[in-house]
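S.K.: Mind docking chain B on chain A? Use the hints.
So the chains spell out like this:
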Amino acid sequence: AAGVIQSPRHLIKEKRETATLKCYPIPRHDTVYWYQQGPGQDPQFLISFYEKMQSDKGSIPDRFSAQQFSDYHSELNMSSLELGDSALYFCASSLKQGRVLEQYFGPGTRLTVT
Amino acid sequence: RKEVEQDPGPFNVPEGATVAFNCTYSNSASQSFFWYRQDCRKEPKLLMSVYSSGNEDGRFTAQLNRASQYISLLIRDSKLSDSATYLCVVTGDSWGKLQFGAGTQVVVTP
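Top to bottom, those sequences are chains A and B.
Just so you know, we're using our numbering here: the first sequence kicks off at 1 and counts up by one.
Just so you know, we're using our numbering here: the second sequence kicks off at 1001 and counts up by one.
Treat the hints as calculated values from the structure; they're not laboratory data.
Hints may be right or wrong, so weigh each one.
In silico SDA-like cross-links for lysine to any residue, where the CA-CA straight-line distance does not exceed 20 Å [to be verified]: (1) 15/A to 39/A; (2) 96/A to 1029/B; (3) 57/A to 1092/B; (4) 57/A to 38/A.
Computed from a predicted structure; not experimentally measured.
With the rest of the complex left out, here is chain A (with noise of 0.2 Å):
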């Protein structure tokens, strides 16, 4: 079965940098999320989409923007990257009908800030 997709799988940057990371939600799916685990840490949730509009928000911080495109993948869009940015970023998506929200998440994308 499909997958959610995440590109780049790892990514270095400077910091003051920025980064674009990339998500496809598994086909049929109309909700995009977005997870930030750092090391040794649960994932925090960042960000969520539903029908490419955003439906809730997170622990962003304001130097981070996403958004869903008509085929339904998102873009985490990073900048002015700090050290402590460096984390693993999660996407899931789920299908929003019925009472239970099943999230499935992406191989993550490794971002690493120097």
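M.R.: Just chain B, lined up with the frame of chain A:
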């Protein structure tokens, strides 16, 4: 205090044995409950959703106690491949923002 609390373990389990562990959540309005497993900094993988009536998937059984606000996971006939970190996850609203526990590490030994 985290909204989802788990015993970090590790739970050292002989192969073939049964292991069970819980997590507690603080938001009584939480709507959906899940167990995910995560291996070695890979992506969390959905193990099972947890329903009020309890549910079973092969060797895995999950229970939800809304009154006491805890969720349990039981693994029977443990396999070496069950070694992982098990994440207790809840959502607080219909949009599905997941709140993770810190995870319970399970190590199955030969």
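S.K.: For each hint, tell me whether it holds in the structure or not.
M.R.: Quick rundown of the hints versus the structure:
no.	hint	result
1	15/A to 39/A	18 Å, holds
2	96/A to 1029/B	19 Å, holds
3	57/A to 1092/B	13 Å, holds
4	57/A to 38/A	18 Å, holds
Of the numbered hints stated above, none is contradicted by the structure.
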